[in-house]
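Q: The chain contents come next:
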Amino acid sequence: GAVVSQHPSRVICKSGTSVKIECRSLDFQATTMFWYRQFPKQSLMLMATSNEGSKATYEQGVEKDKFLINHASLTLSTLTVTSAHPEDSSFYICSARSVNTEAFFGQGTRLTVV
Amino acid sequence: GESVGLHLPTLSVQEGDNSIINCAYSNSASDYFIWYKQESGKGPQFIIDIRSNMDKRQGQRVTVLLNKTVKHLSLQIAATQPGDSAVYFCAETAMDSSYKLIFGSGTRLLVRP
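Residue numbers (our numbering), protein chains in the order written: chain A, -6 to 107; chain B, 15 to 127.
Some hints could be false.
[As the list claims (entries may be wrong)] Some chain A residues judged to face chain B by a derived CB distance under 8 Å, without partners named:
id	residue
1	A(-5)
2	T25
3	K34
4	S36
5	G101
[Said to hold, decoys possible] Pair ranges (Cβ atoms, derived):
id	chain 1	residue 1	chain 2	residue 2	range
6	A	Q22	B	K70	29 to 39 Å
7	A	E45	B	R71	51 to 61 Å
8	B	S26	A	K13	19 to 29 Å
Keep in mind that the hints were calculated from the coordinates and are not lab data. Keep in mind that this is a model prediction, so the values were computed, not measured. Every residue gets a Cβ at the ideal spot worked out from N, C-alpha and C, and that includes glycine.
I would like the entire structure built from these sequences, with the hints used as guidance.
A: Structure (structure tokens):
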């Protein structure tokens, strides 16, 4: 299957700082990328959908000013958690797809805010 | 809406036995369903999918059953192996909805040696 790479896999940041997570499709052009958040022992919750070159569409309850999503190219989307707080600590997962393909998932990023 | 589980139900099976994991989906408009396997600290891994015009699909050691009448999905794993131990999620989407996947609450599968 296609490869989606997330970076970093783990990050620890201080409360109040911002953290950027990258999601790359390595061997295909991703017209759509999705960002999920997963708390321990819970399911994946969709945060937003981003189409290349367009503004992201956020799910209800997700603050767009706090979780900045950029999808500037067909192979890269970034999620920036701004002014991070301990409650933002979570496992963030991206997925990417092209037209008429399934969604391929990244390996996830463990964010810890201290 | 999205499914959020407060805890993960656990299915414990003996190695070599068959496993059946169930999932109730929420949206009658969903027409495409996928089962994912997630190991600790990793992203979801595709197992098998099924479209709403089918009620059964088989893969290697896995079978997915779809009952649209009661909005129920199941994953059957034959001859369960220790490497099958993981959390399993079903996901639903409508093919014309830009493929937004909504995940079920998940089931933890523990395989006893």
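Q: To test your reading of the hints: which numbers does this structure violate?
A: Checked against the structure, the hints that fail are numbers 1, 7 and 8, while the rest are satisfied.
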